[in-house]
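Asker: Chain by chain, the residues:
There are 6 protein chains.
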Amino acid sequence: MRPSGRTASQIRPISFTRSFTAHAEGSVLVEFGNTKVLCTASVEEGVPRFMKGQGKGWITAEYGMLPRATHTRNDREAARGKQSGRTMEIQRLIGRALRAAVDLSLLGENTITFDCDVIQADGGTRTAAISGACVALCDALSHLRAKGTIKTNPLKYMVAAVSVGIYKGEAVADLEYTEDSAADTDMNVVMTETGKLIEIQGTAEAAPFSFEEMQDMMALAKIAIREIIDEQKRVLA
Amino acid sequence: MRPSGRTASQIRPISFTRSFTAHAEGSVLVEFGNTKVLCTASVEEGVPRFMKGQGKGWITAEYGMLPRATHTRNDREAARGKQSGRTMEIQRLIGRALRAAVDLSLLGENTITFDCDVIQADGGTRTAAISGACVALCDALSHLRAKGTIKTNPLKYMVAAVSVGIYKGEAVADLEYTEDSAADTDMNVVMTETGKLIEIQGTAEAAPFSFEEMQDMMALAKIAIREIIDEQKRVLA
Amino acid sequence: MRPSGRTASQIRPISFTRSFTAHAEGSVLVEFGNTKVLCTASVEEGVPRFMKGQGKGWITAEYGMLPRATHTRNDREAARGKQSGRTMEIQRLIGRALRAAVDLSLLGENTITFDCDVIQADGGTRTAAISGACVALCDALSHLRAKGTIKTNPLKYMVAAVSVGIYKGEAVADLEYTEDSAADTDMNVVMTETGKLIEIQGTAEAAPFSFEEMQDMMALAKIAIREIIDEQKRVLA
Amino acid sequence: MRPSGRTASQIRPISFTRSFTAHAEGSVLVEFGNTKVLCTASVEEGVPRFMKGQGKGWITAEYGMLPRATHTRNDREAARGKQSGRTMEIQRLIGRALRAAVDLSLLGENTITFDCDVIQADGGTRTAAISGACVALCDALSHLRAKGTIKTNPLKYMVAAVSVGIYKGEAVADLEYTEDSAADTDMNVVMTETGKLIEIQGTAEAAPFSFEEMQDMMALAKIAIREIIDEQKRVLA
Amino acid sequence: MRPSGRTASQIRPISFTRSFTAHAEGSVLVEFGNTKVLCTASVEEGVPRFMKGQGKGWITAEYGMLPRATHTRNDREAARGKQSGRTMEIQRLIGRALRAAVDLSLLGENTITFDCDVIQADGGTRTAAISGACVALCDALSHLRAKGTIKTNPLKYMVAAVSVGIYKGEAVADLEYTEDSAADTDMNVVMTETGKLIEIQGTAEAAPFSFEEMQDMMALAKIAIREIIDEQKRVLA
Amino acid sequence: MRPSGRTASQIRPISFTRSFTAHAEGSVLVEFGNTKVLCTASVEEGVPRFMKGQGKGWITAEYGMLPRATHTRNDREAARGKQSGRTMEIQRLIGRALRAAVDLSLLGENTITFDCDVIQADGGTRTAAISGACVALCDALSHLRAKGTIKTNPLKYMVAAVSVGIYKGEAVADLEYTEDSAADTDMNVVMTETGKLIEIQGTAEAAPFSFEEMQDMMALAKIAIREIIDEQKRVLA
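Protein chains in written order, with full-length UniProt numbering: chain Y, 1 to 237; chain P, 1 to 237; chain X, 1 to 237; chain A, 1 to 237; chain R, 1 to 237; chain E, 1 to 237.
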């Protein structure tokens, strides 16, 4: 019944390719079906001004989409001279999700900047980005421990994210573009490996949704995120 | 136990002052305790380019905070030359919430622009803005009907919003600034008068939250929004 | 003969509401008839780079107009990404007027920033802003003396401002919007309580004006400003 | 007693070099002593959107200063990405002054854009610019009449401008930089050849000024502008 | 003698991966050793305003570098709000090179926009981009012919580019980063498959270069570009 | 055969007027026929952040064109809020050329900023700018030696530049606007007085060019630049 032939709870094939590029301390190409996002983690000494002198680290994220990652070409934000509200919203979400995964006081006064650039888009780019960035985070933290910059692993728990929605009256997991654009409701969920919530953002696109529908979506998100975290761990092992 | 002495479910005194300024088709000063937001609805003929020729209307929103609405002065966004990510995020949320309340095909090719400007901030400015803007929306729609521009009322249902959170381990409604800045989780909920959800945005600030905590917060939000909508209706009667 | 029925020298009802908002060191809602401007004075330690090390303070001002303060909605400057020439011109004028009122060497290395935001516009917003900001200045200086930051009052004299113009061939004081838009000449005058001039800006809108007309306008401005300063003093007493 | 040895009413040597550059419809290098401003008038068919369909023309002006026109180098506004408040203020003044000189309804739907670029600055650049632009205006109008675009001369009267001020307690005309930076008051006056006022902008720099001082400055401005207009006419003859 | 062990005329392994992403009419990942650039060609109906009504097409290009394509992270241009001079220079070069390859009058009023985004940088990103974009161009033109939009192939000749330089006193081809940063001279050459020049840009980095050195570099460029064009043709066959 | 009647190798009358304006350490009006560019050299203590602590100086350049330097008026870049790609490209070229002429380690931690502003354009503005800036550089260096800031002359060699091109199938030197806009190829060449190359930038405008044509253009450039440098030296003697 879904355009993809998937069952309601079935997520797309997911893969994480580590060391996709050479220079970053963490570099992961994450694929959720045809959605492909390159997530790099860059470690720099020092923290932004508002964090100075607290002995704590900082984590931030930027998001971009190559102009032709989508069906029709979008303006290049660098040429237009500003990031869209959508871009800002997404990169703030990614930053919050990754910060939640790390004990910043164990990171020292270092900054990790995530760059999540969408190479190809087919729905769920922000949730793929969070899931991929968490793998890049692990690689960057290993790099810092190998270098001796930090001693204890500051990772509190793995985090991953998935989009769920109400499509033709039914809750489904991991919407691809054709489903997403026809869905009544779209919800992005970020969770930890311990099954707790980091962030939920649910939006009624066409019709308001009931508490019951929200429960159904949350249930699917929980299952899907568990699978994604399993795959993160498998690829990091 | 709350700094304010309020019970967990108790919201602050709420008021809507209609016709607060003279020129706008709808102009409402909304107060949630010490949070004060001026919400104006401006009606203009025509729709943005991407909506042209569909015979439908459009609704959009902009949000701002006077530089000294807060404890310490913030830079003026107009002087800095760009809106912050936070501002963009909030005004997109307000726009989506109000669009959800209206049958755009009954609005004709007219645009309603909401300006929500925070005069004084004490937590919950975005949810106050949505609640106040809905009252301004009603006034603007009455204006359009009085003028004969539209015949049928395009309002589908009243919408209102509230923030809920986990403060010292317990779910509480309508957080003021001192509570908000110390909360573990912050969630903004937008609902219709029919008890359905338009938007939920929950963020773990200090610690991830459980499904049970989410349920508790949702329950409080439902009660609070019902009270806010009662007050909206009372003031519009 | 004036649309308002006022005599040539009669100004509109004027009021200053102190402590209009809670956080600023000075916060005044000034009303000149239907023109309403919120003027806040924010005190911050330190001075801009170009003033450092001189042991003197600094005073600056910013001006804004809520998008729907006027009959038709104006673009939000923060969204458009820049302040208009008109805004720049006005905020520079306000800053100069307030600086003229203060002995900066008695202020210590502190900065007072005035934010003048027009809530509702009906002509004369810049002169109302200057008059209101001077009251907010007094409150901010009292605050600094109460805190012990400064010992001597750095206020040299109260300042106030009014617009005068040539309307249907006759000099009139304190033009409201309908008069202003039909006036041949528009002149803004800033004066001290000692009857001296801080600034005059006169512009021939429709027809050049004679030296005699200028004299007439100046005479009206003198009377009007005396009344405004009386009201400032009454409300501060 | 003036640094220059000039008498209070004595203006600097003034010259207007017509056709200073080749392409513009009017191109005048104006010199007030060591202040040198290139003023070009560019005629283009059509008017800005807000003037369309009224059968009237439009006049506007832009002002710039070469980065090293002054003692120390200023940032290039094009590189910094925005025009300063001072630049905006000046170009708005120039535009108003030139518009006042022309009957726009006789200009047809054509636009004249003035570019006033300061090659070398020594005080009084804005008043030199207005005076020079008026000569360029005459050349551009002659060009339009020669081409047959317009039949009647739309010039209502010549306009010119001068700065006057209070220097060491005395009113003086046409301040150069050393005088300007030490003056108590600075006033720019724009007048017509018929002896009427287009614009006055007086600012107390160090100390407020009296009505008597204003009168003195106005008297000097009147004399100076008459001389400047004589020179404009001589060079155009 | 070269860090890479390559001979003076030896270029790095070169590959073109067609259809690297799914949506663009042409999508090529070009690799010159460790330099990897994604080149997409996007076809849109219509031409920019300045080309309208001439019955001709238009070709333009934009260039970007992912923030962590390099050894240390560069600011994201979209976040900084403007493209650097280097970026502008490069995208203008790419656009000119591709326009030179096409008979625009055979393209109809269609626009092809090239996006060249550097995934990983190791010297020579602009010349790799031109070479890759030419393959993407061929795919986009095939697409247009398959669709029937154009009948005749507007390609005049294949174009490719390479960087050459003077490294330790000797001319070498296809400099990688370590060579490039130590080179005395850096020259980018764009040629057609007919052996003619489209563009040369040679810059003395450390020391000026002689006519003889220029000849040597040109000779190497000619050989290298022939090899690159052979590979382009092979992969397109 | 050239519109100007000049022979292929004949350059336009060239002049350098030193001390064209009063304030800059070097100020030269350079004229190549009707192309007129004002080049000023401004000396400031200190260097940009990325050069600090190396004991070396820095040289940079900015380029601008007065809006009506050309046949039709161009937008003012300061008003538009950004410099065009062409401007950026040119000012980077000028900066590189001048840096190549100077031993920065003999300059001390001082910065020389060149401002090249085109007063009137008739082709070849960037090459005129480089040639004129070199004369201004000499004056600025003399100033620094006279002041005792530097002891040794850091000038390595005079540099000058010229444009050459293929016009109606033949190589010609120093193209003016009518030739430039009809040329098949346009090449800018920067050389030292020792006959070595600093920069070449050749672009096929209408048709690709052969190696032979490039040789012909280079030969003309060599002759022309020698003449320009002779004139530079004559005027500096």
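Calculated directly from the structure, the hints in this document are not laboratory data. Please note that a few of the clues may not be correct.
[Stated by the list, open to error] Ranges between beta-carbon positions, derived for each pair:
| id | chain 1 | residue 1 | chain 2 | residue 2 | range |
| --- | --- | --- | --- | --- | --- |
| 1 | R | P13 | E | E170 | 51 to 59 Å |
| 2 | Y | V235 | X | E109 | 53 to 61 Å |
| 3 | X | M1 | A | S142 | 50 to 58 Å |
| 4 | X | T72 | P | T72 | 43 to 51 Å |
| 5 | Y | S4 | P | A237 | 34 to 42 Å |
| 6 | Y | E45 | X | G53 | 30 to 38 Å |
[Said to hold, decoys possible] Using 25 Å as the maximum straight-line C-alpha spacing, the simulated DSS-like pairs for lysine-lysine come out as follows:
| id | chain 1 | residue 1 | chain 2 | residue 2 |
| --- | --- | --- | --- | --- |
| 7 | E | K82 | R | K196 |
| 8 | R | K168 | E | K196 |
| 9 | Y | K56 | P | K168 |
| 10 | E | K168 | R | K56 |
| 11 | X | K168 | A | K168 |
| 12 | X | K52 | E | K52 |
| 13 | R | K52 | A | K52 |
| 14 | X | K156 | A | K196 |
| 15 | Y | K196 | P | K222 |
| 16 | Y | K82 | X | K52 |
| 17 | E | K82 | R | K82 |
| 18 | R | K52 | P | K52 |
| 19 | P | K82 | Y | K168 |
| 20 | R | K82 | A | K82 |
| 21 | P | K222 | Y | K222 |
| 22 | P | K82 | X | K82 |
| 23 | P | K56 | Y | K168 |
| 24 | X | K222 | A | K222 |
| 25 | A | K222 | Y | K82 |
| 26 | X | K82 | E | K82 |
| 27 | P | K168 | Y | K156 |
| 28 | E | K168 | R | K196 |
| 29 | X | K196 | A | K168 |
| 30 | P | K82 | E | K196 |
| 31 | E | K52 | Y | K52 |
| 32 | A | K168 | P | K82 |
| 33 | P | K82 | Y | K82 |
| 34 | E | K52 | R | K222 |
| 35 | Y | K52 | X | K52 |
| 36 | E | K196 | R | K222 |
| 37 | Y | K168 | Y | K56 |
| 38 | E | K82 | A | K82 |
| 39 | X | K222 | A | K196 |
| 40 | P | K52 | A | K52 |
Built from N, CA and C at the ideal position, the CB exists for glycine as well.
Asker: Next step is simple, just say for each hint if it's right about the structure.
Answerer: Consistency of the hints with the structure:
1. The hint said 51 to 59 Å for the Cβ distance between P13(R) and E170(E), and at roughly 42 Å that hint is violated.
2. The supplied range of 53 to 61 Å is met by V235(Y) and E109(X), whose beta-carbon atoms lie about 57 Å from each other.
3. In this structure the supplied range 50 to 58 Å is violated for M1(X) paired with S142(A), their Cβ-Cβ distance being about 44 Å.
4. The hint said 43 to 51 Å for the Cβ distance between T72(X) and T72(P), and at roughly 34 Å that hint is violated.
5. At roughly 50 Å, the beta-carbon separation of S4(Y) and A237(P) lies outside the given 34 to 42 Å, and the hint is violated.
6. The supplied range of 30 to 38 Å is met by E45(Y) and G53(X), whose beta-carbon atoms lie about 31 Å from each other.
7. A threshold of 25 Å between alpha carbons decides the hint, and for K82(E) with K196(R) the separation of about 36 Å lies outside it, so the pair is violated.
8. Proximity of K168(R) to K196(E) is assessed by CA-CA distance (about 18 Å); at most 25 Å being required, the pair is judged to hold.
9. A C-alpha spacing of about 24 Å is found between K56(Y) and K168(P), which places the hinted pair at or below 25 Å, so the restraint holds.
10. Our distance criterion of 25 Å between C-alpha atoms is met by K168(E) and K56(R), whose separation comes to about 24 Å.
11. With a C-alpha separation of about 40 Å, the suggested pairing of K168(X) with K168(A) is violated against the 25 Å cut-off.
12. Simply put, K52(X) and K52(E) have alpha-carbon atoms about 23 Å apart, close enough for the 25 Å limit, and the pair holds.
13. Proposed proximity of K52(R) and K52(A) is supported: the alpha carbons are some 23 Å apart, at most 25 Å.
14. Of the pairs offered as hints, the one joining K156(X) and K196(A) is violated, with about 35 Å between alpha carbons and a cut-off of 25 Å exceeded.
15. Under the criterion of a C-alpha separation no larger than 25 Å, the hint pairing K196(Y) with K222(P) is consistent with the structure, at around 22 Å.
16. The suggested pairing of K82(Y) with K52(X) is violated, with an alpha-carbon distance near 33 Å, which exceeds 25 Å.
17. A C-alpha spacing of about 9 Å is found between K82(E) and K82(R), which places the hinted pair at or below 25 Å, so the restraint holds.
18. About 23 Å separates the Cα atoms of K52(R) and K52(P), which keeps this hinted pair within 25 Å; it holds.
19. For the hint linking K82(P) to K168(Y), the alpha-carbon distance of about 39 Å lies beyond 25 Å, and the restraint is violated.
20. A threshold of 25 Å between alpha carbons decides the hint, and for K82(R) with K82(A) the separation of about 13 Å falls inside it, so the pair holds.
21. For the proposed pair K222(P) and K222(Y), the alpha carbon gap of about 24 Å is at most 25 Å, so the pair holds.
22. For the given pair, K82(P) sits about 8 Å from K82(X) by alpha-carbon distance, which is consistent with the 25 Å threshold.
23. The straight-line distance between the Cα atoms of K56(P) and K168(Y) is roughly 24 Å, inside the 25 Å bound, and the hint therefore holds.
24. For the given pair, K222(X) sits about 24 Å from K222(A) by alpha-carbon distance, which is consistent with the 25 Å threshold.
25. About 50 Å separates the Cα atoms of K222(A) and K82(Y), which puts this hinted pair outside 25 Å; it is violated.
26. Proposed proximity of K82(X) and K82(E) is supported: the alpha carbons are some 13 Å apart, at most 25 Å.
27. Of the supplied pair hints, the one linking K168(P) and K156(Y) holds, its CA atoms being roughly 21 Å apart against a limit of 25 Å.
28. Note on K168(E) and K196(R): the hinted pairing holds, with a Cα-Cα distance of about 17 Å set against a maximum of 25 Å.
29. Taken as a hint, the K196(X) and K168(A) pair is honoured in the structure, with Cα atoms around 17 Å apart against an allowance of 25 Å.
30. Taken as a hint, the K82(P) and K196(E) pair is broken in the structure, with Cα atoms around 48 Å apart against an allowance of 25 Å.
31. Between K52(E) and K52(Y) the CA atoms are separated by roughly 23 Å; this keeps the pair inside 25 Å, and the hint holds.
32. Distance restraint check for K168(A) and K82(P): the Cα-Cα separation of roughly 44 Å exceeds the 25 Å cut-off, and the hinted pair is therefore not satisfied.
33. Between K82(P) and K82(Y), the direct Cα distance comes to roughly 9 Å. Compliance with the 25 Å bound is thereby established for this hinted pair.
34. Taking the CA atoms of K52(E) and K222(R), the gap is near 41 Å; set against the 25 Å cutoff, the hint is violated.
35. Taking the CA atoms of K52(Y) and K52(X), the gap is about 23 Å. The hint holds against a cut of 25 Å.
36. Using a Cα cut-off of 25 Å, the hinted pair K196(E) and K222(R) holds, with the two alpha carbons roughly 22 Å apart.
37. Simply put, K168(Y) and K56(Y) have alpha-carbon atoms about 47 Å apart, too far for the 25 Å limit, and the pair is violated.
38. Among the hinted pairs, K82(E) with K82(A) is consistent with the structure: their alpha-carbon atoms are about 8 Å apart, no more than 25 Å.
39. Among the hinted pairs, K222(X) with K196(A) is consistent with the structure: their alpha-carbon atoms are about 22 Å apart, no more than 25 Å.
40. Restraint check for K52(P) and K52(A): satisfied, since their Cα atoms lie roughly 23 Å apart, inside the 25 Å limit.
Of the numbered hints listed earlier, those contradicted by the structure are 1, 3, 4, 5, 7, 11, 14, 16, 19, 25, 30, 32, 34 and 37.
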